[in-house]
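Those sequence lines, one after another, are chains A and B. The opening residue of the first sequence carries number 1 in the working numbering; numbering runs sequentially from there. The opening residue of the second sequence carries number 1001 in the working numbering; numbering runs sequentially from there.
Among the hints, erroneous ones may be present.
[What the hints assert, rightly or not] Pair ranges (Cβ atoms, derived): (1) LYS81(A) with VAL1080(B): 27 to 35 Å; (2) SER1010(B) with THR32(A): 58 to 66 Å; (3) THR61(A) with PRO1063(B): 37 to 45 Å; (4) GLU1009(B) with GLU54(A): 24 to 32 Å.
Honestly, the hints are just simulated from the structure, not real lab data. A virtual CB, placed ideally from N, CA and C, is assigned to each residue, including glycine.
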Amino acid sequence: MAELDEIIQQPVRLRLMAALVAIKTGESAEFTFLRDLLGATDGNLGAHLRRLEEAGYIEQTKTFVDRKPRTYVAATATGRKVFRDQVAALEEILKGAGGLKAKR
Amino acid sequence: MKVSPSEAESVLASIRDAETQMNRALSASGGAYQMIAWGAIMMIGYTLNQFADRLPVALVAGPWIVMSILANILSVTIGVRRARKFHNPYGARLGFLWVVFVIFGAVGAFFVHPAGPREINLLAYLMTMLWLAVMGLWVDLRLLWISLGYTGLMLFGYFVLPDSFFLWLAFVGGGSMIGSGLLLLRGRA
Chain A
1 MAELDEIIQQ PVRLRLMAAL VAIKTGESAE FTFLRDLLGA TDGNLGAHLR RLEEAGYIEQ
61 TKTFVDRKPR TYVAATATGR KVFRDQVAAL EEILKGAGGL KAKR
Chain B
1001 MKVSPSEAES VLASIRDAET QMNRALSASG GAYQMIAWGA IMMIGYTLNQ FADRLPVALV
1061 AGPWIVMSIL ANILSVTIGV RRARKFHNPY GARLGFLWVV FVIFGAVGAF FVHPAGPREI
1121 NLLAYLMTML WLAVMGLWVD LRLLWISLGY TGLMLFGYFV LPDSFFLWLA FVGGGSMIGS
1181 GLLLLRGRA
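Bound conformation, chain B alone (with noise of 0.2 Å):
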């Protein structure tokens, strides 16, 4: 079969084409508006709980509820209307892995007593990104770097920031979960 250069050249960018709408309706669909919405559920959260003896406790717990509960609608509309269009064999397992992550890392927290809010907080983190691995050996190896990188600069905040922590999970954690989403949408638009 024999094409001329003219006809791969309109070809491939026909490909492209169809690659570039594809990744749209991914973006449109997927989890990078997900992460922003828990970026900044996450940035504005834990600057709260910095601050959190200065301020009364309503104005720290209140945010985080409302803001989680409106996260948590979205992120389920988001894969209804995702599973419409996208299979994936493993979606609804993974979605039942993560509610067995938190009951697990809830009644975890209960027996062994986290020292304070700052070690309850950095086990949620490690919970979080402990599924995040999982996901990663199951369906995406990209995801697993993601978390372990994620998690190697929770720990450094922790150890070597203790005072600034929630500032640290604030802009680094909320910033870095922004920054991903903002990447993916560029990367596919």
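Bound conformation, chain A alone (with noise of 0.2 Å):
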């Protein structure tokens, strides 16, 4: 049975890493944009990402545009197969319980 990975089965982080992955690998999402986007708080997504970022899989860049610092992120290749065994593992949740309804 598929084992299932605590840090990202957090809800806000696994959506986070479900907008992570959804963009091409090598590119990165910018923080406010991210924000909006999963209606979380500064605080809260920088505690997600700072734990994300931990477990290695996402980082984050900091830059400068326009003089504004910016940060952007990226899942990491760690991150995009953690992401995608987490996914399996969630279906083949679901498909045994399919399974055993037929059974039945």
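Make the complex out of the two chains shown on their own, each in a separate frame, by following the hints.
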């Protein structure tokens, strides 16, 4: 049976990873854009990003655009794999439930 | 960690929702609208080219110039707006690469003297497809296959339908560009 990753399973982090994996490898999304997309606050999103970064699932790049600081976030190869495995594990749980229903 | 099937279902729905939102944002800020705009320009411009011998020069060249300026402004605006939300480490280089291809294409055409309007337009198309192929090798392999497919179609039109080549460029070239843009929007909506 597939293992679920506890770090990524947290709802905001899971939605965050889903959003980051949807963009191309090598591309990154801007912090405030992600905040608005997820309906999170700055502090809340920052904390989740730190947790994911510590786990090696995302990378943050800080830069300046028009003299304003900007943070760009990208999923790492490990993060992408863990996310895909998580989705597969969740689908397996659903399939298992479907299988049980079918047997009955 | 244990998750019940109903929890798994709701989590998967939440994942799909986040992916859909991101894909919509990507479509709204990305190349789909650029492809549709350039496809429409090709359709109108090359249709006029097909009937150039029966039309005043201003009616053929004028729309090309106006539409190209508008589409370039649109492309730059979309690119700048996109860069605020998404960062691509190769973005600026790919933009410069496009300029390099345009310059080399123009210089090449100046020295080689393509035989006529069909050859000049085919050369421009081939340079664009070469740029797309390089982009494909660099950032997304799918673009390479798209480039090769379009190039094959254009060469087919050039050799097999020489008298209707501009209509081929308009409807197969422009049409497939619009179709790709719409597919991109639909696939991400």
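Outcome of the hint check:
no.	hint	result
1	LYS81(A) with VAL1080(B): 27 to 35 Å	holds (33 Å)
2	SER1010(B) with THR32(A): 58 to 66 Å	violated (28 Å)
3	THR61(A) with PRO1063(B): 37 to 45 Å	holds (43 Å)
4	GLU1009(B) with GLU54(A): 24 to 32 Å	holds (29 Å)
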